[in-house]
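Visitor: Sequence:
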Amino acid sequence: PVGRKRRGLAILDFFLRLLAIGATLSAAIAMGTNNETLKFFTQFFQFNARFYNLSAFIYFVIANATVGLYLLLSLPFSIFDIVRPRAAAFRVLLIFFDTVMVAVCASGAAAATAIMYVARRGNTKTNWFSICQQFNSFCDQATGALGASF
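When you line the sequence shown up against this note's numbering, it's residues 7 to 156, in that order.
Hints are computed from structural coordinates only; laboratory data are not their basis.
For each residue, glycine too, the CB sits at the ideal point set by N, CA and C.
Check the hints yourself; a few may be wrong.
[Unchecked claim] Pair ranges (Cβ atoms, derived): (1) 24 / 142: 25 to 35 Å; (2) 112 / 24: 19 to 29 Å; (3) 24 / 99: 14 to 24 Å; (4) 45 / 75: 15 to 25 Å; (5) 45 / 21: 43 to 53 Å.
Kindly produce the complete structure, drawing on both the sequences and the hints.
Guide: What follows is the structure, encoded as structure tokens:
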């Protein structure tokens, strides 16, 4: 019974890894391809909003891509844990690195969330105005990427 329970948890762990791979890589791709151009008066006078204009968004993309790559590389270890549920060394190793990757992903998402809050609401005390009224699709795509990351 104990071996069956461990195997069931290992299978659940494998499927959660697959789900997390999709979420983190989707978040990285959505934010990494995020840009919007507003044309004023003529096509030569434009304002651009691109993810790489904000360092928090760059960190977000790097953090999610790193976590997604880690999750891809951890799949064989997760499969090994299914095949040999009594091998504790691999499970401890996965738990350690999973904890590190959760911190990396959460810090990237938190940094980008702080920027998105200011982008959506602005800050009247510092005269930072909301940009999301002008760059709607940029803000919507960034918000979707944040949702996938969390």
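Visitor: The structure should be examined with respect to each hint, and the outcome stated for every one.
Guide: Right, here's what the structure says about each hint:
1. 24 / 142: 25 to 35 Å: 33 Å, holds
2. 112 / 24: 19 to 29 Å: Between residue 112 and residue 24, where Cβ atoms are some 20 Å apart, the hint holds.
3. 24 / 99: 14 to 24 Å: Holds, at about 19 Å.
4. 45 / 75: 15 to 25 Å: Violated, at about 37 Å.
5. 45 / 21: 43 to 53 Å: With a Cβ separation near 46 Å, residue 45 and residue 21 satisfy 43 to 53 Å, so the hint holds.
Hint compliance for this structure: hint 4 alone is broken.
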